[in-house]
Every structure is written in C-alpha cells, then in structure tokens.
Amino acid sequence: MNEGSSKYHALDASRCIGCTHCMKSCPTEAIRVVNGLAVIDHERCVYCGQCHRACPTHAFYVVQDDLAMIRSFKYRVILFPSIMIGQFPEKYSEDQIYDGLKKVGFTHVYEVEQPMQVLIDSINEVLTDKETPKPAISIYCPAIVRLIQGRYPSLTENLILRKAPHNLAAHFAIEQLMLEGALREEIGLFYATPCIAKIAAVKSPVGESESIVDGIVNMNQLYNEVMKVISEGEAEDNSVQRQNLSAEGITWSLTRGESCHFGSRSIAIDGIHNAVRFLERLENDQVKGIDFIEMRACDQSCAGGILLTGNRFMTVERLERRAKRYPAAKDIPQDTIRANTEELKQKLILDPIVPKPHFAFGKERVKAMEKMNKAQRIVCFLPGIDCGACGAPNCHALAEDMVNNKAKMSDCTFLQQMWVGEDKINARKAFLNIQKKWGTDRFKADCNKRGRRNEGF
Amino acid sequence: MKLLFSIQGGDFTHAGHPSSEVKKVLKQLDIDGKTIKNIVIALYEAEVNVVAHAWKGTVSVEIDENKITIWVEDEGPGIADIDLAMQAGYSTASTKVRAMGFGAGMGLPNMKKNADELLIESEVDKGTKVKMVNYF
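Those sequence lines, one after another, are chains G and E. So for the first sequence, my numbering puts the first residue at 2; every next one is plus one. So for the second sequence, my numbering puts the first residue at 387; every next one is plus one.
These are computed hints drawn from the structure, not numbers from a lab. Quantities reported herein were computed from a predicted structural model and do not represent experimental measurements. Among the hints, erroneous ones may be present.
To be verified - Heads up, simulated EDC-like pairs for lysine to aspartate or glutamate below, C-alpha to C-alpha not over 20 Å straight-line:
| no. | chain 1 | residue 1 | chain 2 | residue 2 |
| --- | --- | --- | --- | --- |
| 1 | G | K372 | E | E448 |
| 2 | G | K364 | G | E44 |
| 3 | G | K368 | E | D418 |
| 4 | G | K103 | G | E181 |
| 5 | G | K375 | E | E407 |
| 6 | G | K368 | E | E448 |
| 7 | G | K407 | G | E30 |
| 8 | E | K388 | G | E365 |
| 9 | E | K410 | G | D286 |
| 10 | G | K372 | E | D450 |
| 11 | G | K364 | E | E451 |
| 12 | E | K442 | E | E459 |
| 13 | E | K423 | G | D286 |
| 14 | G | K25 | G | D402 |
| 15 | E | K420 | G | D286 |
| 16 | E | K442 | E | E507 |
| 17 | G | K407 | G | D387 |
| 18 | G | K372 | E | E451 |
| 19 | E | K410 | G | E30 |
| 20 | E | K388 | G | E371 |
As the list claims (entries may be wrong) - Ranges between beta-carbon positions, derived for each pair:
| no. | chain 1 | residue 1 | chain 2 | residue 2 | range |
| --- | --- | --- | --- | --- | --- |
| 21 | E | W457 | G | M419 | 33 to 41 Å |
| 22 | G | H59 | E | K388 | 40 to 48 Å |
| 23 | E | K482 | G | D13 | 54 to 62 Å |
| 24 | E | D418 | G | E176 | 41 to 49 Å |
| 25 | E | A485 | G | N225 | 49 to 57 Å |
| 26 | E | G395 | G | R322 | 46 to 54 Å |
| 27 | E | W441 | G | N36 | 52 to 60 Å |
| 28 | G | R429 | E | M486 | 57 to 65 Å |
| 29 | E | W457 | G | R322 | 53 to 61 Å |
| 30 | G | R322 | E | A485 | 37 to 45 Å |
| 31 | G | V64 | E | G395 | 53 to 61 Å |
| 32 | E | K515 | G | R429 | 51 to 59 Å |
To be verified - Sample of chain G residues at the chain E side, in silico, Cβ under 10 Å:
| no. | residue |
| --- | --- |
| 33 | P154 |
| 34 | F360 |
| 35 | F362 |
| 36 | M373 |
Note that beta-carbon positions come from the ideal geometry of N, C-alpha and C, so glycine has one too.
Using the sequences and the hints, build the whole thing.
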C-alpha cells in the first residue's frame with residue numbers, strides 16, 4: 002500500500018462489515034476483503050468515491066484538514082465550486098450563504114468558476130491547435146484523469162493541458178487581494194471540495210509542480226458549519242465578490258456544462274462506469290469525428306459528489322435557475338475583471354500528463370506471459386459466478402491475485418467445498434480457511450454483530 | 387499464449403469484443419500504448435469486415451515474447467479483387483451497413499496502415515483469411 006496517497010480516504014475498521022459492496026463497485030478492482038475488512042490498493046485507486054457510495058455502513062471516510070488552520074492567515078479565502086450554493090435550502094439567498102461563510106471565519110469568499118472567459122479562451126486555444134489529438138478530453142474531473150493514466154494510458158495525450166477552475170480562481174483571488182495591498186504570505190487559500198478526487202488533485206496535483214491551495218475543507222462539514230451560524234434575516238450585500246461570476250461558470254460543474262462550449266461536435270459523459278465503457282470504445286478508435294469530450298466520474302457530475310448534502314437533481318435545478326440571472330462570460334467587462342488575463346492564461350497551462358499503467362504483470366515480458374497463462378488456466382477451475390466470497394471482486398481477479406502470490410486456490414469457497422466432498426481436505430481445515438478470510442466473529446449467533454443490523458441498506 | 391474468439395456475421399452489437407479482450411491482455415503485458423492502439427485498430431477493422439460481409443468467422447491470436455499474430459478467418463463471399471479492395475474508399479458494403487456508419491471503404495487500408503505485416507487470401511463464395519503480425 003502506498004502510504005503517501007492513502008491520506009485522502011481511509012476505512013474505519015469498526016464500521017466495516019466486510020460485505021463486498023465496495024469491492025464489487027470499484028471501477029479499477031482496487032479493493033479486496035482481507036480478514037473481514039475492505040483493503041484499498043492506493044496504487045490502483047482513482048478516488049472516484051464509488052466505494053463510499055456503495056458502503057451500507059459509511060465506513061469510508063475522507064481525511065481532511067482541520068478548519069482551525071485557517072486562523073494562521075490574515076486573509077482567509079474560501080474557494081468553492083458553485084454547486085455549494087445548490088446545497089442550501091431555497092430560502093437562503095446567496096448573500097445569506099456568503100455571510101455564513103464569513104461567520105465561519107473566512108475573510109473572502111470566491112466561487113471558483115470565475116473569470117470563466119479566461120479558461121474558455123484558453124481551452125479553445127488548445128482545441129484550435131492542429132497538433133492536439135482529437136477528441137480532446139477535459140481534465141476537469143481528476144478521477145477521470147487518474148483513470149485514463151492507469152487504465153487507458155494511450156489516451157493521456159488526448160487530455161487538454163489546461164488547469165481546472167479551482168486553479169483559475171486561486172490565481173485570480175491572489176491577484177485581486179494583492180491589488181488590495183495583501184502580501185502573498187498573508188493569504189491563505191482553502192478549497193471546499195465536493196469529492197475525494199478533488200482533494201487528491203489539490204494535494205498532489207497531476208501536471209503541476211505544487212498545489213496553490215493551502216488547505217482543503219470537506220463540503221459536507223462546511224455546510225454543517227455554515228448552517229450553525231447562517232442568519233435568517235437580511236444579510237449584507239456581498240455581490241461585489243460575485244461580479245465576475247457568469248452563467249457559464251455556474252453551470253460548468255454540471256453535466257454538459259463544459260461540452261456545450263467547445264468543438265463543433267462534443268460529448269458529455271457522467272458516471273464512472275459509463276466513462277469506462279466509453280473510454281474502451283475510444284481506445285479502440287471506434288469514436289469518429291468528435292472534437293471534445295467532457296467526462297465526470299459522478300452521476301450528474303459534481304452535483305453528485307460524495308461530499309455533498311443536497312439532492313443532486315435539486316442542486317442541478319437550482320443552479321440552472323440561478324445561471325439565468327447571471328450574465329454570459331463574454332459580457333463581463335474587462336475593467337470588472339481587473340486582472341491581467343494573458344498572465345492568468347499562462348498560469349493555467351499544465352505540464353504534460355504521463356501514463357501510469359497499473360495493470361501490468363511486471364516489466365519482464367516472458368514472466369508476465371507465464372503468469373497470464375497460469376491465470377487463464379486457474380480461471381478454468383473457478384466457478385465463474387463472481388460471488389466475491391474469496392475476497393476478490395470476481396473469479397478472474399482472484400486468479401490474477403493467485404499468480405501474484407496474493408491469494409490461493411483454497412480462497413475459493415466453491416473449490417473448498419468440492420475438496421471437502423472429495424475428502425481432499427477435512428471440513429475443520431476448510432472452515433478455518435473461511436474464518437481467516439472473513440473473521441472469527443462472523444459465524445457467531447449474535448443479533449447485534451456487524452452486518453446484522455442492516456445499516457443503510 | 388493463445389486466445390480464440392468467434393464472430394457472427396451481421397452482429398454489429400457485439401463487434402469489438404475480441405479487440406477489447408486482446409487489448410486487456412496486451413496492457414497486462416505492459417506493451418507500449420501506441421503499439422496496442424495499432425493492433426486494436428487493425429483487429430477491430432478486421433472484425434467489422436467479417437460482421438459486415440461474411441456469414442461467420444473466427445479470430446485466433448497468438449502472443450509471443452516479441453510479436454502478436456492474429457488470424458481472422460471467415461466463411462463468406464470472399465474478395466474478388468484484393469488489390470482493388472485495398473484502395474482507400476473502395477467498398478462493396480450494402481446501404482444498410484453504410485447506414486450504420488460502417489463500410490466507408492477504409493477497412494483494409496486501415497488494417498494495412500496499422501499492422502506491421504498483412505497477408506490476405508481469399509476465395510470467392512468460400513471466404514477470406516487475413517493474417518496480421520505486429521512486433522512489440
């Protein structure tokens with residue numbers, strides 16, 4: 002396990018019931034159940050959050066920064082995607098929400114999708130460049146970037162090397178505050194995240210030398226903090242902090258929020274499993290004539306992020322309605338932006354994104370072929386029902402684990418049962434094997450044991 | 387190692403399954419991404435040819451340490467003039483097949499472009515045998 006990247010999400014062992022739901026839903030087969038608990042292989046994990054969604058006991062948690070750390074800065078900026086506004090009940094106005102964020106302790110409140118025209122122009126520059134391989138794929142969703150690096154390495158060259166809105170807003174906020182007389186070291190930038198993928202993207206960015214943001218705030222937690230202090234009455238007018246916000250910016254994080262602006266033919270895909278199926282086609286060169294692809298790991302894009310409180314469909318509705326009240330990005334006058342847009346554009350350029358294939362059986366081809374042949378022979382003996390009782394997501398994954406010395410034939414309960422019937426192993430030994438995989442307590446008659454309470458099903 | 391698949395003529399829904407499976411294996415062998423892409427494109431074109439023109443066919447794949455050999459063999463109408471069929475844009479595909487977005491006459495040229503070696507044998511009213519080799 003890679004300890005370096007394990008800090009973004011982890012498993013609470015006291016909650017995990019070892020039920021295989023997460024293991025079955027993982028798009029990169031990164032989870033196994035060992036000793037009755039889910040174990041994440043962080044080398045394979047793309048931070049899509051499917052395991053969080055699938056878990057009936059909410060055993061996965063996000064590792065985050067302490068909100069108290071903001072106090073060490075004079076200028077405390079909260080950067081948050083527009084979907085945050087969509088989390089709150091209708092009765093709270095934008096100003097009441099902004100006001101609430103200030104009461105929580107921030108001095109400046111910035112929605113990240115501004116000034117959007119800078120990013121739109123920047124992406125268009127990439128698309129009009131004849132050297133750009135088509136279809137060009139947006140890097141907006143960090144889980145998709147990691148999925149492509151690991152599972153579709155040949156498509157990394159299609160990724161558009163322009164940073165995401167949170168970088169845009171971070172650079173923009175710094176410039177604005179320094180115009181007001183702030184020193185760079187006095188400014189603390191904090192990003193409110195709707196998902197784990199964005200945490201990973203901010204903390205260990207792909208294609209950037211270092212992260213521009215000083216800390217991460219979980220949007221769930223921030224929502225709860227704001228709800229404690231939000232005023233029911235009239236709030237101070239904070240609209241000056243939103244004067245660069247556009248209709249495009251507000252809907253950017255929703256499905257089709259990006260793709261509708263680019264290329265003569267574009268496609269928008271949401272949901273990680275949809276993305277997997279589409280990337281498979283794309284890699285086989287079965288997708289012709291498309292210029293731009295928007296791809297997000299969550300259903301309904303960021304409105305479906307795992308760290309959100311509100312219902313994703315209601316969030317989409319509120320944002321779409323809100324966008325109608327805001328001007329188009331191109332209609333926001335240059336003197337309102339008060340920033341050097343050419344310089345901002347330069348800052349948005351990403352370094353090349355390199356493939357990181359995770360699925361190879363090692364570097365030595367002859368050995369790898371031997372392992373694959375062996376795995377194929379093993380699969381012939383497995384039942385092929387992909388039950389997960391061995392602790393691997395399917396029979397094929399178990400066979401692969403076996404040739405990598407991470408599992409053995411007797412992990413398959415069906416084979417074991419057959420061997421017991423054939424008197425090849427004794428029943429006692431077979432039972433001990435199962436206990437080793439699923440823990441000793443699983444078979445005790447106890448109406449309060451883990452898994453008995455059916456939490457959340 | 388060897389892999390074997392069968393293809394049903396006219397079944398466009400499932401065309402692409404052999405190429406996806408072969409791709410998965412090549413990735414596990416840590417073959418370079420560009421090489422995989424060439425192989426998969428060539429194989430997919432060959433598959434579509436069988437689906438679009440023939441009655442049924444098989445794909446057999448043999449992977450060695452330094453190369454992959456793919457045989458695509460079908461029972462079908464065969465190709466009367468292989469040189470003509472190799473020309474970009476030449477197509478005998480039916481209107482129905484073209485309406486599905488296939489049959490633009492780029493299949494064989496695309497296979498030639500993406501395979502390191504391509505060998506085609508065909509007998510009219512019997513079938514076609516294609517052998518493609520790519521080196522890693």
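Check your understanding: Where does the structure disagree with the numbered hints, that is, which hint numbers, in rising order?
Key -> Violated hints: none; all satisfied.
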